[in-house]
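> Sequence:
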Amino acid sequence: MSIPVGSRFPAYATAMGRVLLSGLDEDAFRAYLERVDLQPLTGHTVRDIEQLRAIITAAREERHCVADRELNQSLRAVAVPVHDRSGVPIAAADIAAGTGTRTLDELRAMVPHLRQCATGIETDLRLVSGP
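Residue numbers (the working numbering): 175 to 305.
Worth double-checking, as some hints may not be accurate.
For each label pair, taking beta carbons as the anchor points, the in silico distance ranges come out as [claimed, not checked]:
hint : residue 1 : residue 2 : range
1    : 213       : 176       : 20 to 28 Å
2    : 299       : 274       : 30 to 38 Å
3    : 214       : 298       : 34 to 42 Å
4    : 277       : 232       : 13 to 21 Å
5    : 274       : 300       : 38 to 46 Å
6    : 177       : 214       : 17 to 25 Å
These are calculated hints, taken from the structure and not from any lab test. All C-beta atoms in this analysis are idealised placements derived from N, C-alpha and C, irrespective of residue type, glycine included.
Using the sequences plus the hints, can you model the full thing?
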């Protein structure tokens, strides 16, 4: 899958988007749910608001999220949040792979490495933005 620079995807269908949604407070998340139109991008895309709510709650608790064939039939990904100094997710570190190259378990095994990467980014952000 080729993704041009500047491409945009719906947050509900991506691991990165979901970890960013997990950082919203309840009012902001409720507002998102009220306006989002869960379009089926593949046969695996989440289409139910309550199912999405459960996925985001789990991402909040587990501090990572997986998306399996939801954006593209041949793509799966895992992401962790990158936080600002106040603990708000402002970005995500993500690994995506083709379904034929990595299993979900292999991607989940990369979560500790992604967290280490995210921690490094958070440290760098603190250094460049002052105390």
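> Look at each hint and say if it fits the structure.
Here's how the hints hold up against the structure:
The given range of 20 to 28 Å is respected by residue 213 and residue 176, whose C-beta atoms sit roughly 21 Å from each other. Checked against the hint of 30 to 38 Å, the pair residue 299 and residue 274 passes, with Cβ atoms roughly 35 Å apart. One distance hint, 34 to 42 Å for the beta-carbon pair residue 214 and residue 298, holds here, with the actual separation near 38 Å. The hinted range of 13 to 21 Å is satisfied by residue 277 and residue 232, whose Cβ atoms lie roughly 19 Å apart.
Checked against the hint of 38 to 46 Å, the C-beta distance between residue 274 and residue 300 comes to roughly 39 Å, which is consistent with it. The hinted range of 17 to 25 Å is satisfied by residue 177 and residue 214, whose Cβ atoms lie roughly 20 Å apart.
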